[in-house]
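Colleague: Listed here are the chains, written in short residue letters.
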Amino acid sequence: AQSVTQLDSHVSVSEGTPVLLRCNYSSSYSPSLFWYVQHPNKGLQLLLKYTSAATLVKGINGFEAEFKKSETSFHLTKPSAHMSDAAEYFCVVTHAGKSTFGDGTTLTVKP
Amino acid sequence: NAGVTQTPKFRILKIGQSMTLQCAQDMNHNYMYWYRQDPGMGLKLIYYSVGAGITDKGEVPNGYNVSRSTTEDFPLRLELAAPSQTSVYFCASSYTGQEKLFFGSGTQLSVL
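Here the protein sequences line up with chains A and B, keeping their order.
For what it's worth, the working numbering labels the leading residue of the first sequence as 189, then goes sequentially.
For what it's worth, the working numbering labels the leading residue of the second sequence as 99, then goes sequentially.
The following block holds chain B by itself, in its conformation from the complex (with noise of 0.2 Å):
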């Protein structure tokens, strides 16, 4: 089973482009999350998703934008890319959103 599967692996960006970072699971997993991990820090929770059509904001959703429109994808925006957004980024799943996550293997993305 490919589990979550995040692309691309790594990327560099010049400062006020934008791009799309890719996430798919092939769990079925109704529940579907971005966070994103600075160095020495936990995970923070950009945005999540209970389900296709629906997302919410998590604890640092600035400068992002998701959306839901199967429960496979949850593709991840950047608009106007920032230095402050340098950092890796996972995407995860869990099915009731009480279990495990199931985490991808991460982007590591430069702004330059």
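Just chain A, with the same shape it has in the complex (with noise of 0.2 Å):
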């Protein structure tokens, strides 16, 4: 079973600030793991995933994620956010073929 849990489901920046999604995720396995960003109308984009290679990813627009498996934290970063930032952020955990999708963190950017 896997399951994965997005610890904000609401995040509030100011533009030019640092950006911190969490996600932790539970799997009886070795998962892969990634990040989707959701824009407003728009269908989902692949920001970056982890495949047991490197364990901090980086993605695109600025943005990585590091793996800490003593943790099972899967968190997303960005130094600093851009208006064009604002969406819908999913975390998503990944074996055998089937994928769970965090409930999502909404992140608003404010000028």
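In short, the hints are calculated from the structure, not lab data.
Don't be surprised by glycine CBs; every beta carbon is placed ideally from N, CA and C.
One thing to keep in mind: the hints can contain errors.
Claimed, not checked - With a straight-line cut-off of 30 Å between C-alpha atoms, the simulated DSS-like cross-links for lysine-lysine are:
no. : chain 1 : residue 1 : chain 2 : residue 2
1   : A       : K256      : B       : K198
2   : A       : K246      : B       : K142
3   : A       : K257      : A       : K298
4   : B       : K142      : A       : K237
5   : A       : K286      : A       : K298
6   : B       : K155      : A       : K246
7   : A       : K257      : B       : K198
8   : A       : K257      : B       : K155
9   : B       : K112      : A       : K237
10  : B       : K107      : A       : K230
11  : A       : K298      : B       : K112
12  : B       : K107      : A       : K237
13  : A       : K230      : B       : K142
14  : B       : K112      : A       : K257
15  : A       : K286      : B       : K107
16  : A       : K237      : B       : K155
17  : A       : K230      : B       : K112
18  : B       : K155      : B       : K112
19  : B       : K155      : A       : K286
20  : A       : K286      : A       : K237
21  : A       : K246      : A       : K230
22  : A       : K286      : A       : K256
23  : B       : K112      : B       : K198
24  : B       : K142      : A       : K286
25  : B       : K155      : A       : K230
26  : A       : K298      : A       : K230
27  : A       : K256      : B       : K142
28  : B       : K107      : A       : K257
As the list claims (entries may be wrong) - From the structure, some residues in chain A lie toward chain B, with a derived Cβ separation under 10 Å:
no. : residue
29  : Y224
30  : F278
31  : C279
32  : G285
Stated by the list, open to error - Anything over 10 Å on all C-beta distances counts as not near chain B; from chain A, calculated:
no. : residue
33  : V201
34  : S202
35  : F251
36  : S268
37  : V280
The task is to assemble the complex, starting from two chains supplied on their own in separate frames and drawing on the hints.
Modeller: Written out as structure tokens, the structure is:
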């Protein structure tokens, strides 16, 4: 069995300040982990993925995430938020072809 | 490349009606999925398939059926539509099941 918990349903930051979106996972195996972004009325876009290589993963648009097995976490960060980062973010755990999504975190960026 | 194509984009059903949501991919992906997304929620897996002729239930399969007769197509069938099935439906595919998901543009379904 596997599950994902996104610890914050809403995060609000000011433009130019750091972003932290938190994700904890549970899996009986060594899973693959992903972050997807969904802009309003748009489809889902892959930000980054972890598949048992380097624990610090760099993605698109300046985002990165660190896999911490001891903490079963895969938090998403960005050093400086941009207005265009405002969206819904989903953490996903995948094993044996089955992907489980977290409930999402809405990121608001204030000018 | 077309990628993952879903039809229709919008549909309104009356309670008790049936319909099929179509999904096709042209990337020769083995794995295909159906998700539903309710407002303010993440995506919930309805059914998935690891190859032609093989399907399995996800987290929320009740009220739905699927088939996978070809690698390309993975239709989702609603037999007796209920208001609880009002949602946005996404079809997705991936090659190995461990790689990124490619999503269709979604179907917004309302059951009234």
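Colleague: With reference to the structure, classify each hint as holding or not holding.
Modeller: Now for the hints, and whether the structure bears them out:
{"no.": "1", "hint": "A:K256 with B:K198", "verdict": "holds (20 Å)"}
{"no.": "2", "hint": "A:K246 with B:K142", "verdict": "holds (27 Å)"}
{"no.": "3", "hint": "A:K257 with A:K298", "verdict": "violated (33 Å)"}
{"no.": "4", "hint": "B:K142 with A:K237", "verdict": "holds (20 Å)"}
{"no.": "5", "hint": "A:K286 with A:K298", "verdict": "violated (36 Å)"}
{"no.": "6", "hint": "B:K155 with A:K246", "verdict": "violated (33 Å)"}
{"no.": "7", "hint": "A:K257 with B:K198", "verdict": "holds (21 Å)"}
{"no.": "8", "hint": "A:K257 with B:K155", "verdict": "holds (29 Å)"}
{"no.": "9", "hint": "B:K112 with A:K237", "verdict": "violated (40 Å)"}
{"no.": "10", "hint": "B:K107 with A:K230", "verdict": "holds (12 Å)"}
{"no.": "11", "hint": "A:K298 with B:K112", "verdict": "violated (42 Å)"}
{"no.": "12", "hint": "B:K107 with A:K237", "verdict": "holds (29 Å)"}
{"no.": "13", "hint": "A:K230 with B:K142", "verdict": "holds (17 Å)"}
{"no.": "14", "hint": "B:K112 with A:K257", "verdict": "violated (48 Å)"}
{"no.": "15", "hint": "A:K286 with B:K107", "verdict": "holds (25 Å)"}
{"no.": "16", "hint": "A:K237 with B:K155", "verdict": "holds (25 Å)"}
{"no.": "17", "hint": "A:K230 with B:K112", "verdict": "holds (26 Å)"}
{"no.": "18", "hint": "B:K155 with B:K112", "verdict": "holds (25 Å)"}
{"no.": "19", "hint": "B:K155 with A:K286", "verdict": "holds (10 Å)"}
{"no.": "20", "hint": "A:K286 with A:K237", "verdict": "holds (15 Å)"}
{"no.": "21", "hint": "A:K246 with A:K230", "verdict": "holds (23 Å)"}
{"no.": "22", "hint": "A:K286 with A:K256", "verdict": "holds (21 Å)"}
{"no.": "23", "hint": "B:K112 with B:K198", "verdict": "violated (35 Å)"}
{"no.": "24", "hint": "B:K142 with A:K286", "verdict": "holds (11 Å)"}
{"no.": "25", "hint": "B:K155 with A:K230", "verdict": "holds (26 Å)"}
{"no.": "26", "hint": "A:K298 with A:K230", "verdict": "holds (21 Å)"}
{"no.": "27", "hint": "A:K256 with B:K142", "verdict": "holds (25 Å)"}
{"no.": "28", "hint": "B:K107 with A:K257", "verdict": "violated (40 Å)"}
{"no.": "29", "hint": "Y224", "verdict": "holds (8 Å)"}
{"no.": "30", "hint": "F278", "verdict": "holds (6 Å)"}
{"no.": "31", "hint": "C279", "verdict": "holds (9 Å)"}
{"no.": "32", "hint": "G285", "verdict": "holds (3 Å)"}
{"no.": "33", "hint": "V201", "verdict": "holds (20 Å)"}
{"no.": "34", "hint": "S202", "verdict": "holds (24 Å)"}
{"no.": "35", "hint": "F251", "verdict": "holds (15 Å)"}
{"no.": "36", "hint": "S268", "verdict": "holds (25 Å)"}
{"no.": "37", "hint": "V280", "verdict": "violated (8 Å)"}
Violated hints for the displayed structure, listed by number in ascending order: 3, 5, 6, 9, 11, 14, 23, 28, 37.
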